[in-house]
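Engineer: Take a look at the letters that make up each chain.
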Amino acid sequence: MPATQVPAIAGWFTTDDQPHLLGTRCTTCGTVFFPRAEGFCRNPSCRGREFEETALARTGTVWSYTDAQYQPPPPYVAATDPYVPFALAAVELSDEHLVVLGQLADGTTVDDVKVGDTVELVVEPLYEIDGVEHLIYRWKKVSA
Amino acid sequence: MPGQNPDDIAIIGWSISPMERHTGKTEAQLLLEVVTGAVEDAGITRREVDFTCAGSCDYVAGQAFSFVQNIDAVGAWPPKRDSHVEMDGAWALYEAWIRLQLGDIDVACAMGSGRSSTADPALIYPMEMDPFYLAPLGADAMSFAALQARALLDSGKVTERQMAEIAARTRRDAKESPYAQVKGDFDADALLREDYVRSPLRKHDLPPITDGACAMVIARADKAKELCPNPVWITGFDHYAELHYPGMRDLRESRSTTLAAKAAGIGEGAVEVAEIQAAFTHEEPLLVEALGLGADTVVNPSGGPLAANPIMATGLIRIAEAARQIRDNGKHRTLGHSTSGPCLQQNLVCILEGN
Amino acid sequence: MAHQPCAVVGVGQTHHKTRRWDVSLGGLVREAAGRALEDAQMDWKDIDAVVIGKAPDLFEGVMKPELYLTDALGAAGKPMFRVHTAGSVGGTTGIVAAHHVETGRHKRVLAVAYQKQSEGNAQFALGSGRGASLGAGGAFAPYMRAYIARSGAPMDVGPMVAVKDRQNAMKNPYAHLKLADISIDTVKASPMLWDPIHYLESCPSSDGACAVVFTDEEGGKAAEKAGRQPAWILASAVRSEPSQFPGRDPVRPQGAVDCATDVYKQAGITNPREQIDCAEIYVPFSWLEPMWLEAHLIAEEGTGWKMTESGDTALGGSFPVNMSGGVLSSNPIGASGLLRFSEAALQVRGMAGEHQVDGAKVALGQAYGAANQYFSMWVVSNSLDPFGK
Chain R
1 MPATQVPAIA
11 GWFTTDDQPH
21 LLGTRCTTCG
31 TVFFPRAEGF
41 CRNPSCRGRE
51 FEETALARTG
61 TVWSYTDAQY
71 QPPPPYVAAT
81 DPYVPFALAA
91 VELSDEHLVV
101 LGQLADGTTV
111 DDVKVGDTVE
121 LVVEPLYEID
131 GVEHLIYRWK
141 KVSA
Chain G
1 MPGQNPDDIA
11 IIGWSISPME
21 RHTGKTEAQL
31 LLEVVTGAVE
41 DAGITRREVD
51 FTCAGSCDYV
61 AGQAFSFVQN
71 IDAVGAWPPK
81 RDSHVEMDGA
91 WALYEAWIRL
101 QLGDIDVACA
111 MGSGRSSTAD
121 PALIYPMEMD
131 PFYLAPLGAD
141 AMSFAALQAR
151 ALLDSGKVTE
161 RQMAEIAART
171 RRDAKESPYA
181 QVKGDFDADA
191 LLREDYVRSP
201 LRKHDLPPIT
211 DGACAMVIAR
221 ADKAKELCPN
231 PVWITGFDHY
241 AELHYPGMRD
251 LRESRSTTLA
261 AKAAGIGEGA
271 VEVAEIQAAF
281 THEEPLLVEA
291 LGLGADTVVN
301 PSGGPLAANP
311 IMATGLIRIA
321 EAARQIRDNG
331 KHRTLGHSTS
341 GPCLQQNLVC
351 ILEGN
Chain V
1 MAHQPCAVVG
11 VGQTHHKTRR
21 WDVSLGGLVR
31 EAAGRALEDA
41 QMDWKDIDAV
51 VIGKAPDLFE
61 GVMKPELYLT
71 DALGAAGKPM
81 FRVHTAGSVG
91 GTTGIVAAHH
101 VETGRHKRVL
111 AVAYQKQSEG
121 NAQFALGSGR
131 GASLGAGGAF
141 APYMRAYIAR
151 SGAPMDVGPM
161 VAVKDRQNAM
171 KNPYAHLKLA
181 DISIDTVKAS
191 PMLWDPIHYL
201 ESCPSSDGAC
211 AVVFTDEEGG
221 KAAEKAGRQP
231 AWILASAVRS
241 EPSQFPGRDP
251 VRPQGAVDCA
261 TDVYKQAGIT
271 NPREQIDCAE
281 IYVPFSWLEP
291 MWLEAHLIAE
301 EGTGWKMTES
311 GDTALGGSFP
321 VNMSGGVLSS
331 NPIGASGLLR
341 FSEAALQVRG
351 MAGEHQVDGA
361 KVALGQAYGA
371 ANQYFSMWVV
381 SNSLDPFGK
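Protein chains in written order, with our numbering: chain R, 1 to 144; chain G, 1 to 355; chain V, 1 to 389.
What the hints contain is simulated information worked out from the structure, not anything from laboratory work.
Ideal placement from N, C-alpha and C gives every residue a C-beta, glycine not left out.
Any given hint could be a false lead.
Listed next, the in silico BS3-like pairs over lysine-lysine satisfying Cα-Cα at most 30 Å (straight line) [unchecked claim]:
hint	chain 1	residue 1	chain 2	residue 2
1	V	Lys-188	R	Lys-141
2	G	Lys-183	G	Lys-25
3	G	Lys-262	V	Lys-45
4	V	Lys-107	V	Lys-221
5	R	Lys-114	V	Lys-306
6	V	Lys-361	V	Lys-265
7	G	Lys-183	G	Lys-203
8	V	Lys-178	V	Lys-188
9	R	Lys-114	V	Lys-188
10	R	Lys-140	V	Lys-188
11	G	Lys-262	V	Lys-107
12	V	Lys-178	V	Lys-17
Restraint-style ranges between C-beta atoms, simulated for each label pair [unchecked claim]:
hint	chain 1	residue 1	chain 2	residue 2	range
13	R	Ile-9	G	Ser-199	41 to 49 Å
14	V	Gly-302	R	Ile-9	32 to 40 Å
15	R	Asp-112	V	Glu-309	23 to 31 Å
16	V	Glu-309	G	Tyr-133	52 to 60 Å
17	G	Leu-243	R	Ile-129	47 to 55 Å
18	G	Thr-118	V	Gly-227	54 to 62 Å
19	V	Gly-302	G	Thr-118	42 to 50 Å
20	R	Ala-78	G	Tyr-196	47 to 55 Å
21	R	Gly-116	V	Lys-306	17 to 25 Å
Isolated chain R (complex conformation) (with noise of 0.2 Å):
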């Protein structure tokens, strides 16, 4: 029986079979912003103050990628004791060119990508908080 899950952040991501990251496009520019932009478009160029919600391309290729070999300070709350170092990637998505950082998918390390793979948005837990599963978008490698 899967504990309570929720999303680590509201908003930013969906939680079903094919999650997509939520962003915001501006409707007098077009720009799209993740994380969400409200308020003011951030386009020099743009006065707009109106944006509408938008799924995001749930597919991309690996700009970059890293990994956090030595357990961040608090506030970071560590999923495992002892710890064990996570992979980030910066990917840009296929449809908008934006750049995303995220965790890599459960299990993958930075030996496992490299710049111009091909990846996909899954959602896996963070960690858990008082019986509360927070759940986290992260990006998978997709099989060629």
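Use these hints to put chains G and V onto chain R, whose structure you have.
Structural biologist: The following block gives chains G and V in isolation, referenced to the frame of chain R:
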């Protein structure tokens, strides 16, 4: 005659945000709005701004490098000549004023912003004191101001009634201003019946806690005259600091204010209106005396910091309000003042003149 | 009254260490400022204005420290100013101080930049909020990996930079890290922090301060006549760009390119690789050396790593970089930019001691901040007209 020398710098536009106890906007959003307002007021776009300089404080924002997010507000693309001071926007204006005098660029925008609502000033301001001898006292800005108020009262330079009258007058004047947070009619007698908050200061002697921002556009003479029918010329601009420890200064005077005013050329003509950063009622007569102002000078017609006090923007707003008196209210020579540190440790004076 | 000449006539710095608990904040800045004044043959009363710069106050837990430091820096009764532009702040401090002289506003200005990181928790202050788990290296590692992928640079280049800078530091009495036995092998064997950055390719966290005395043309020429060679500021520039937007390239940021283009144009430099004799640039993690060489137009795009690999950037090479040991050897964050600018000045003044580049006539100083967003640069020379315009 100001504006004859190509190095003369004028204020050609500004914008002040709403002054709120608690804004729902981020600091970057506040700044975006005032920068938009200021460039529009100046009749230009962000592209024509050659240099930007912001004043803000990480501790007020509650985050290291807080100003980095604010860069979105200036439209730094293509990348801009840009700087930042951890001081009130009045000093950001000073840096911009110096920069324009190099002669290679024409237009600058200075900003000040702060959201004081997100923290308790009583916890933050002790941290701007000497960490070994003063911070451990736990004395905050109000406590140091109270020490100075006591020194003034005991010397006979001011009475509690005068302080209450200043509190009432500024909030009454503020009724005319859309940028005031605390405004209304108050009776000095009723105010004097209130308890002390930090003896001898009562609630009415203290500034409100305010979130807000201000942006101001300045330009070199030829550009200013091209863009603006009524530029407000900066004819004097100086600032000075004093010793940090209040115990080592005579708290009944403000020497650095006097020095700054003199260096800025205050004596060269009458000052019709002075907008001064007197956040506590007793500071007004102290600063008026230090500036050498006469009874003819109208002080803080905007209501001043006692009506709205967005720390890190308050000083720049004083300069904007002083500029407003020239551009929109027919005055000829006015003054804006800003201050920083315990008991008015550091002071800045900006003298403005119309055509 | 356009741009007047400005000279660096005094430079001072502290011994940079993990913990300078032998001095208070006041003591730390006075150590550097005192040395700068001595170098300039001036006294505290000779200074007209003071400009202080440092990175976030959360590092020390003293807000707006210029107020407390007014006394320590002899700024009572003078104009005093505090700038903060993230990692580039040391550079900005020097530039703003120089502007006070270049506009004719003041004759002698003292610039002081410092950081006393041991007083706080630098990781927390660097991280801030939700990004706190990345750490500074974690934020930059992806940019470096992207550079490696784009350029095809061999993996040894990063370790080579680390070795070179620490070997240079052995010749700098003020440098923090003294790693006499460092080698490419020891770098690669050191713990991996954020792939591909090894521990020995990362900057230390240092307590330190740097101070510079600026004066005008008259003062610079008087110093020169008295046998104390000044460094003349030929040019300075700053640029900032936003943190993130679609199409932003943090590997070769537009701000870096524009800042360099601006400063070279002002200085009359059309071929930076040839006309600049040496450079002090902000390299806190090894791979930033080839990245900045390219972004600042010293090397063609994709070839910066070849300058490192071939030994061009070594102390005895054709384009020495970070002769002082650079940020990789000492990193009091707020001071590091001014240290870069100062070391460039020391080179053209012939005062860099054991890490002097023979005959250095024109030197570049650079600092950057935030996510490769803030840039400050200057070009200094021992001549007001080194290219014979």
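Engineer: Next step is simple, just say for each hint if it's right about the structure.
Structural biologist: Going down the list of hints, with the structure as the test:
A hinted pair counts as satisfied when its Cα atoms are at most 30 Å apart, and Lys-188(V) with Lys-141(R) qualifies at roughly 28 Å. For the given pair, Lys-183(G) sits about 23 Å from Lys-25(G) by alpha-carbon distance, which is consistent with the 30 Å threshold. For the suggested pair Lys-262(G) and Lys-45(V), the alpha carbons sit about 20 Å apart, so the restraint of at most 30 Å is met. Under the criterion of a C-alpha separation no larger than 30 Å, the hint pairing Lys-107(V) with Lys-221(V) is consistent with the structure, at around 13 Å.
Under the criterion of a C-alpha separation no larger than 30 Å, the hint pairing Lys-114(R) with Lys-306(V) is consistent with the structure, at around 23 Å. For the hint linking Lys-361(V) to Lys-265(V), the alpha-carbon distance of about 18 Å falls within 30 Å, and the restraint holds. Distance restraint check for Lys-183(G) and Lys-203(G): the Cα-Cα separation of roughly 14 Å lies within the 30 Å cut-off, and the hinted pair is therefore satisfied. Only pairs whose Cα atoms come within 30 Å are accepted, and Lys-178(V) paired with Lys-188(V) is accepted, the gap being roughly 18 Å.
Between the alpha carbons of Lys-114(R) and Lys-188(V) the distance comes to roughly 20 Å, so the proposed pair stays at or under 30 Å and holds. Between the alpha carbons of Lys-140(R) and Lys-188(V) the distance comes to roughly 28 Å, so the proposed pair stays at or under 30 Å and holds. About 19 Å separates the Cα atoms of Lys-262(G) and Lys-107(V), which keeps this hinted pair within 30 Å; it holds. With a CA separation close to 10 Å, the supplied pair Lys-178(V) and Lys-17(V) stays within the 30 Å bound.
Separated by about 47 Å at the C-beta atoms, Ile-9(R) and Ser-199(G) satisfy the suggested range of 41 to 49 Å. The hinted window of 32 to 40 Å between Gly-302(V) and Ile-9(R) holds, with their beta carbons roughly 38 Å apart. For the hinted restraint 23 to 31 Å between Asp-112(R) and Glu-309(V), the CB-CB distance of approximately 28 Å keeps it satisfied. Between Glu-309(V) and Tyr-133(G) the Cβ separation comes to about 54 Å, which falls inside the hinted range of 52 to 60 Å.
The hinted range of 47 to 55 Å is satisfied by Leu-243(G) and Ile-129(R), whose Cβ atoms lie roughly 51 Å apart. Hint check: Thr-118(G) to Gly-227(V), Cβ distance near 56 Å, so the stated range 54 to 62 Å holds. Checked against the given bound of 42 to 50 Å, the beta carbons of Gly-302(V) and Thr-118(G), roughly 46 Å apart, stay inside it. The hinted window of 47 to 55 Å between Ala-78(R) and Tyr-196(G) holds, with their beta carbons roughly 50 Å apart.
Here the CB-CB span from Gly-116(R) to Lys-306(V) is close to 23 Å, well matched to the stated 17 to 25 Å.
Violated hints: none; the structure is consistent with every hint.
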